[in-house]
Each structure stands twice: as structure tokens, then as C-alpha cells.
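Q: One letter stands for each residue in the lines below.
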Amino acid sequence: MKKIIERLYLILILIFMYAPIVTLIVLSFNSSKSRARWGGFTLKWYTRLFSDTAVASALFNTLSIAILATIFSTIIGTITCIAMVGLSPKLRSLIMGVTNIPMINADIVTGISLMLLFRFLHIGSGFATILLAHITFNIPFVMLSVMPRIKSMNFYVYEAALDLGATPVVAFVKTILPDLVPGIVSGALMAFTMSLDDFIITYFTKGSGFETLSTLIYNEVKRGIQPEIYALSAIIFIVVLALLLIIYRAPNTKTKEK
Amino acid sequence: MGKDLITLEHISKSYDGHVVLDDLNLSIYENSFVTLLGPSGCGKTTTLRIIGGFEKPDQGKVIFDGKDITDMAPNKRQLNTVFQKYALFTHMNIAENIAFGLKIKNKPDSYIKDKIKYALKLVNLDGYEKRMPDSLSGGQQQRIAIARAIVNEPKVLLLDEPLGALDLKLRQDMQYELKRLKEELGITFIYVTHDQEEALTMSDHIVVMNQGYIQQEGSPEKIYNEPENAFVADFIGDSNIIRSTMIRDELVEILGARFACVDKGFGENKPVDVVIRPEDIVLVPPEEGTLEGVVTGLTFKGVHYEMDVEAGGFEWLVHSTRLSEVGTRVGIKVDPFDIQIMNVPLSEDEEAISETV
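As given, the protein sequences belong to chains X and W, one line each in that order. Reminder that position 181 of the first sequence reads as 181 in our numbering, one-by-one numbering, no gaps. Here our numbering runs 258 ahead of the position in the second sequence, where the first position is 1.
Incorrect hints may have been included.
In silico lysine-lysine, PhoX-like type, Cα no more than 25 Å apart, as pairs [what the hints assert, rightly or not]:
#1 Lys388/W <-> Lys174/X
#2 Lys343/W <-> Lys174/X
#3 Lys174/X <-> Lys373/W
#4 Lys174/X <-> Lys363/W
#5 Lys261/W <-> Lys319/W
#6 Lys151/X <-> Lys343/W
#7 Lys437/W <-> Lys261/W
#8 Lys371/W <-> Lys174/X
Which chain W residues stay away from chain X? Per the calculated CB distances, all over 10 Å, these [what the hints assert, rightly or not]:
#9 Ile362
#10 Glu435
#11 Glu479
#12 Arg501
#13 Phe572
Just so you know, the hints here were simulated from the structure itself, not pulled from any lab data. Note that CB positions come from ideal geometry on N, CA and C, so glycine has one too.
Please take these sequences and the hints and turn them into a complete structure.
A: So, in C-alpha cells, the structure goes:
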């Protein structure tokens with residue numbers, strides 16, 4: 001009996017969580033424009049979506065920002081983590097706490113403060129400001145995923161490599177880096193996902209005339225929602241879901257060279 | 259003994275104001291098996307890391323083969339280390355681990371292949387080339403770590419408590435293995451341990467350290483039979499250390515009874531510390547002993563019995579293959595050359611410092 005109730009409870013929670021998304025995905029295949037009536041299966045919203053030039057340019061913007069932001073934030077975050085090895089545990093947790101604040105901070109506050117900063121510094125809004133903003137909020141996610149690897153590391157292997165004649169750079173690449181790779185990969189995927197689906201911070205830092213997918217959807221919705229947007233949202237959901245699945249699997253699968 | 263290979267001159271090192279090594283001087287001969295022995299925190303590992311180049315001394319010089327290498331990076335030094343935690347490269351297989359140092363030195367492939375084979379044979383792990391380190395036991399991993407170090411043909415092999423994580427039986431096997439390796443390779447081993455038995459078994463030369471000072475150095479026999487102070491006597495094996503009075507040369511008064519001994523030059527009626535090893539005490543019928551007492555404790559230890567004997571107000575530790583039941587009245591007898599006389603340290607601090615030269 002207890003088991004049945006437990007199962008039921010779990011199913012209810014899953015329904016509450018996923019019903020809206022399932023509705024969205026179902027409606028994206030509905031040939032009727034009405035939200036209340038099923039008019040038969042169609043892919044026309046998807047074909048119309050892919051022929052839309054505004055969507056194409058927004059998609060290009062989103063992807064290029066996500067990729068660049070991922071590269072920069074991964075490099076900066078990883079280097080920061082490695083540099084923190086030499087710090088005292090007290091200082092280390094202080095820095096970790098400070099870098100975590102943007103993650104806990106409300107997106108809208110981060111967005112507005114970044115917008116004000118860019119205005120103050122006269123940095124023209126658009127691609128550059130969004131990219132800077134995304135790098136900023138991605139760094140803590142990278143650090144959060146690399147830091148545990150650093151903490152559990154056996155630094156004797158680095159010394160052993162030095163001992164066997166390797167220069168510090170070679171020793172780092174051959175011993176420390178391979179151990180960090182799973183953390184770096186999952187951090188990068190996390191950053192990519194965060195960047196891909198961000199709306200609020202992007203909205204406040206983009207200025208006018210520059211759209212990413214999320215801001216484009218927002219604008220469309222204001223003009224009255226079109227079924228193409230369902231299709232677009234469904235695609236974004238599937239992509240993010242796929243990335244998340246990869247992230248959660250990444251630390252478990254050991255990377256083996258050769 | 260050969261010539262000096264490594265000399266440490268006036269080495270001092272402290273971390274955050276805590277002194278770990280203070281004006282340490284040490285010479286290590288070519289082709290010897292030298293053990294740095296002491297309790298944890300005595301500075302033995304720091305000394306090894308300074309020789310390896312992983313730590314820089316605050317003061318002093320490290321001389322290697324006549325050259326000052328104090329500021330030389332570890333990757334330029336002609337010595338290799340076997341680390342306490344093995345430190346194998348977990349993402350490489352055994353052959354790649356052993357080849358690491360040789361590849362960096364750009365040795366030809368055929369040479370590397372031969373060396374791997376030779377090294378694996380030397381540590382009794384033929385055919386393990388393709389295995390991953392994770393799939394080996396602790397003892398096997400340790401042997402791979404040794405193989406990885408020796409293929410580079412170092413002049414000196416540094417070993418930092420390499421057997422610390424192994425169980426007793428394996429540790430004993432490895433002790434003989436290391437001794438054999440040392441003979442076959444003909445290079446200098448510098449070995450760090452806190453295990454006195456390990457040190458006695460393997461070494462040509464033991465350096466006993468405590469609180470950053472060298473307490474005594476010498477052959478295992480000398481360290482065991484003629485400890486120079488109470489710390490060494492207590493740390494190396496079990497012993498009875500008794501505050502006594504030197505009556506005159508070759509006569510000492512222990513707990514009110516006079517014992518003949520062989521030491522001279524301590525003066526007359528001077529306080530001294532006497533060390534008597536438990537196995538050197540002979541229990542005889544009460545009337546035949548120099549001192550009379552009662553057996554108060556008895557433990558069977560396998561090879562011998564361990565007995566506590568209350569005599570002259572002191573609890574003596576006695577090892578003997580002959581059993582005396584608890585409550586038996588016994589006499590204590592010690593041969594003159596089994597009594598080791600030491601100067602009394604003037605203070606606690608003196609105890610640590612007294613033996614530094």
C-alpha cells in the first residue's frame with residue numbers, strides 16, 4: 001500500500017512538472033491554429049520556422065554567443081580553480097563564496113547591474129555586451145564543476161612527473177589536465193546550456209535591434225503567439241535536455257586515452 | 259664506505275614560523291642504503307624533499323657529486339623518487355608509466371622497450387605492460403613506482419615511506435626485495451621511514467631524527483646496541499631506561515644495586531641514564547641476582563615471553579624464551595657489556611639538541 005502511494009505521488013509530481021512542456025510539444029504538431037482543438041498532425045510549423053530569416057539570424061546569434069561564452073568562461077574558470085590550489089583553505093572558500101554570488105543572485109538584478117555598468121563604461125550594446133555578460137555568469141558554473149576534481153587530486157603525480165624529468169608545463173599537461181578533463185567538459189556543457197537558454201540577462205544587455213532566440217520568442221509572444229514559436233520552444237527544450245543528460249553522465253564515464 | 263655523494267650543509271627550513279629543520283648537516287656515501295628514521299614531524303620527509311628538489315631550504319646548501327644543486331629544479335636532478343602514495347599516472351598503462359621519463363629524454367623506442375622489460379623483470383612483474391595501475395594491488399603499484407624510477411638510471415633513489423600502506427607480510431617481502439634491488443643496481447638508496455624494524459633490516463647507515471635534529475647516526479648495530487641518548491634508545495626497540503649513578507669507571511649503581519659495566523669516562527658519582535634491552539636481562543633464582551624482584555605481568559609473544567618484573571621500585575621489561583609465572587620471586591642479572599651508559603640530558607630541549615654536532 002505504502003509503495004503504491006509513493007509511486008502515485010512520484011507520478012503526480014512528474015505530471016505537474018512535465019505537463020506544460022508536453023502540451024507545448026503536442027501543440028507544435030497541431031495543424032489547427034487554435035489552442036483548444038486538435039486539427040491533425042503536421043510539420044508545417046517546423047518548416048515555416050526553418051524558412052524564417054529572423055529566426056535563422058537569432059539562432060546564429062544565440063549559438064555564436066553560447067559557443068564563445070563557453071570557450072572563454074571554461075578557460076577562465078579552469079585557470080582560476082588551478083590558481084586556487086596554492087591558497088589557504090580559508091581564502092579558497094572565501095573566493096568560492098564570492099564567485100558563487102552571481103549564481104544565487106536574481107537574474108534580473110545581474111541583468112540590470114550589467115546593463116548599467118555597460119552604459120557607464122560606454123560599451124556599445126549588442127553582441128559584445130551579451131557575450132561579456134554570458135562569460136561573467138558562466139564562470140561560477142565552470143568553477144563549481146572543476147573545483148571538486150581539483151580538491152580530490154593527488155598532486156604527487158605532478159611531482160612524480162617533475163621527478164622523471166618533465167618540465168612544469170609538460171608535467172601539468174600530462175598529469176593534472178587529464179584528471180581535470182571530465183570536470184572541464186561537464187563545466188563547459190553546463191555553461192553552454194546556461195548561455196543557450198538565458199533570457200533575462202540577455203534581454204537587459206542586448207540593446208535594440210539585436211535578437212537571440214529567447215528574446216525573439218519574447219517579442220513574438222507580445223505580438224500574439226504563433227504556433228511556430230511552439231515548434232521553436234520544443235526544439236530548444238529538446239536540445240537543453242540532451243545537453244543536461246550528457247552533463248550528468250559525463251563525470252561517471254571515465255575518459256580513457258588511446 | 260665510498261666517497262660522499264650528497265652533502266647537506268647547514269640546512270634550515272621552517273613553515274609559517276614552525277621550525278622543521280635546524281642547521282642540519284649530513285653526508286651520504288656512494289652506494290649505501292641510508293635510512294632517515296624518526297617519528298612523524300621529525301623532519302625526515304622534509305629532508306628527502308629538499309634532496310629531491312621539491313622544497314627549497316631557507317638556509318644551507320645541497321651538494322651533489324661536488325656540485326651545489328640547492329637551486330636546481332627537480333626535473334634537472336640526477337635522482338628519482340618513489341612517493342609514499344605511489345603517484346602512478348592512472349590514465350596510462352604500466353608500460354607508459356615506466357616509459358614516461360625515458361620518452362621525455364627522447365630515448366629511441368627499442369631502448370625504451372628493452373628498459374621496460376628489464377625493469378618489470380627486476381620487480382618481478384613480467385608481462386604487466388598493458389595493465390592499468392588501478393587493476394594492481396598496493397604492493398604491485400609500489401613496485402611499478404620503483405620500476406618507473408630506476409629505468410632512468412638515477413645515481414640516487416629517494417624512497418618516502420614506500421611500504422607504509424602495505425600489510426605486514428607484504429612489507430617484509432618488499433624489504434628483502436628492496437635490499438636485493440639495491441645490491442643489483444649498485445646505486446644509493448635514501449629511505450625515509452618511522453618503522454625502526456624496517457630501518458634495522460635494510461640499512462647500511464641509519465640517521466635517527468627528532469624535532470628537526472639528527473639524534474644519532476651509524477650502522478644498525480651501533481644504533482641498536484649503543485644508543486647515545488634516551489630518545490634513540492626508546493625509539494629503536496623496547497628498552498629499560500633507568501636514571502642511575504656512575505660510581506666510577508666500569509661500575510654503575512642501578513636502583514640501589516651495583517652492576518659491573520664496560521663504560522668509562524663518565525666521572526665518579528655522576529648521574530647517568532642506563533639502557534638495558536629486555537632480551538639482555540637474565541632471570542635467575544632470587545639469591546643469584548644482582549637485584550631481587552617479583553614477576554607482575556606475562557604475555558606470550560610467539561618467539562618469546564614478555565614479562566614485567568617489579569624490582570627496586572622499577573618495572574622492568576624482560577624478554578625471555580623461558581617462562582616465569584606471575585608472582586614468582588626472581589633475581590635480575592645483566593652482563594656488563596649489555597649495560598649501555600648515556601649522559602643525562604640537562605633539559606627537555608637538550609634532549610633534542612644534545613646530539614647535533
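Q: Against each hint, give a clear statement of whether it holds in the structure.
A: Consistency of the hints with the structure:
Distance check on the hinted pair: Lys388/W and Lys174/X sit about 19 Å apart at the alpha-carbon level, within 25 Å; holds. Among the hinted pairs, Lys343/W with Lys174/X is consistent with the structure: their alpha-carbon atoms are about 18 Å apart, no more than 25 Å. With a C-alpha separation of about 21 Å, the suggested pair Lys174/X and Lys373/W falls inside the 25 Å cut-off, and the hint holds. At roughly 15 Å between alpha-carbon atoms, Lys174/X and Lys363/W fall within 25 Å of each other, so this suggested pair holds.
Distance check on the hinted pair: Lys261/W and Lys319/W sit about 18 Å apart at the alpha-carbon level, within 25 Å; holds. In summary, the hint linking Lys151/X to Lys343/W is supported, as the alpha carbons are separated by about 16 Å, within the 25 Å threshold. Proposed proximity of Lys437/W and Lys261/W is supported: the alpha carbons are some 21 Å apart, at most 25 Å. Note on Lys371/W and Lys174/X: the hinted pairing holds, with a Cα-Cα distance of about 20 Å set against a maximum of 25 Å.
Listed as a non-interface residue, Ile362/W fails to keep its Cβ farther than 10 Å from every Cβ of chain X; the least gap is roughly 5 Å. With a least beta-carbon separation of about 20 Å from chain X, Glu435/W lies farther than 10 Å from that chain, consistent with its non-interface assignment. Non-interface call for Glu479/W relative to chain X: holds, since the shortest CB-CB distance, roughly 33 Å, exceeds 10 Å. Here Arg501/W stays apart from chain X, with its beta-carbon at least about 45 Å from theirs, past the 10 Å limit.
Residue-level check passed: Phe572/W sits 46 Å from the nearest beta carbon of chain X, beyond 10 Å.
Hint compliance for this structure: hint 9 is the single one not met.
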